[in-house]
Every structure is written in structure tokens, then in C-alpha cells.
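Please construct the entire structure, taking both the sequences and the accompanying hints into account.
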Amino acid sequence: MSQTPPIQCQRVKDCSQENRHWDGGLSLLMKATCVGIIVFAWTVMVGAIAPLAHAKPLLCRTVNQHQVCILSVKRSAKNYWEYRASAQIDGERTPVEVYDCRHNVKVQRDGAQQPFQPDGAGPIICELLGA
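If you read the sequence shown in my numbering, its first letter stands for residue 827, the second for the next number, and so on.
Everything labelled a hint here was simulated from the structure, so no lab data went into it. You may find that some hints are simply not true.
[Claimed, not checked] Within a straight-line C-alpha distance of at most 16 Å, the following computed EDC-like cross-link-like pairs (lysine to aspartate or glutamate) qualify:
{"#": "1", "residue 1": "Lys882", "residue 2": "Glu918"}
{"#": "2", "residue 1": "Lys900", "residue 2": "Glu953"}
{"#": "3", "residue 1": "Lys904", "residue 2": "Asp926"}
{"#": "4", "residue 1": "Lys900", "residue 2": "Asp926"}
{"#": "5", "residue 1": "Lys900", "residue 2": "Glu923"}
{"#": "6", "residue 1": "Lys882", "residue 2": "Asp926"}
Okay, here's the thing in C-alpha cells:
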């Protein structure tokens with residue numbers, strides 16, 4: 827087997843310009859890629875954290891001198907009269923609870939049922955969603 831000799835530059839000036847161009851292009855590509863990854867990661871992090879820090883209420887009402895705001899609502903697919911919702915009453919955020927509009931009770935995470943408070947989120951959720 828015959829080996830082909832490596833390609834050599836005709837002039838030293840040509841070789842140095844080729845190498846300089848290739849190295850500069852590669853490092854510029856690497857820099858652009860790193861900057862793009864950093865910008866993308868920062869955008870994703872800010873986009874994921876910002877909604878959690880300042881949840882904008884869907885609806886706010888004043889009931890018996892209490893400000894009741896609905897932060898999130900999701901309807902049950904199985905029981906159309908049940909809604910998983912989070913509320914904010916007088917600035918204090920409540921955990922996500924199940925609101926049963928058929929029986930007018932709030933089901934807490936531990937399974938305990940409480941009747942709707944007249945100045946709570948339950949009547950507003952059921953009235954708002956027509957259940």
C-alpha cells in the first residue's frame with residue numbers, strides 16, 4: 827500500500843491564513859453557541875419562575891368586606907360539578923382544594939369536608955362556573 831503524502835502549502839503565508847481563519851471561525855462558533863445556550867437557559871428559568879412568584883388572579887370580588895380572589899380553576903373530567911381551585915382570601919393564599927358545587931362542600935387534601943363559608947371562595951366558584 828502506498829501512502830499519499832499530506833497536502834502541503836505552497837507558501838507559508840497561505841498556511842498561516844488558512845489556520846488562522848479556521849481557528850477563528852471555530853472559536854467564534856463556539857462563543858455564539860455558548861451565548862445562545864446561556865440566553866436560552868435564562869429565558870426558560872425566568873419564564874418558569876416568574877408565574878409562580880406573582881400569580882395573577884382570574885377573578886376578585888369583595889364579599890362581606892373580604893377580598894376573595896380565584897387564582898386557578900380546573901374542572902373535574904369525571905364529576906362535572908367538582909372544581910380544583912386555589913384562592914386568595916384577604917391576601918392569604920389557600921392550597922388547591924376540591925370544591926363540590928353539587929353538595930356545597932369543600933374537600934380538603936386530607937379528605938375532610940367543610941360546608942362553604944358565605945364569604946369564602948366556594949360560592950364564587952360555583953356561581954362563576956354555573957354549576
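Verification of the supplied hints:
Distance hint between Lys882 and Glu918 is fulfilled; the C-alpha atoms sit about 14 Å from each other, no more than 16 Å. Distance restraint check for Lys900 and Glu953: the Cα-Cα separation of roughly 15 Å lies within the 16 Å cut-off, and the hinted pair is therefore satisfied. Distance restraint check for Lys904 and Asp926: the Cα-Cα separation of roughly 12 Å lies within the 16 Å cut-off, and the hinted pair is therefore satisfied. Of the pairs offered as hints, the one joining Lys900 and Asp926 holds, with about 12 Å between alpha carbons and a cut-off of 16 Å not exceeded.
For the hint pairing Lys900 with Glu923, the CA-to-CA distance comes to about 10 Å; that is within 16 Å, so the pair holds. A threshold of 16 Å between alpha carbons decides the hint, and for Lys882 with Asp926 the separation of about 24 Å lies outside it, so the pair is violated.
Checked against the numbered hints listed earlier, the structure breaks hint 6 alone; every other hint is satisfied.
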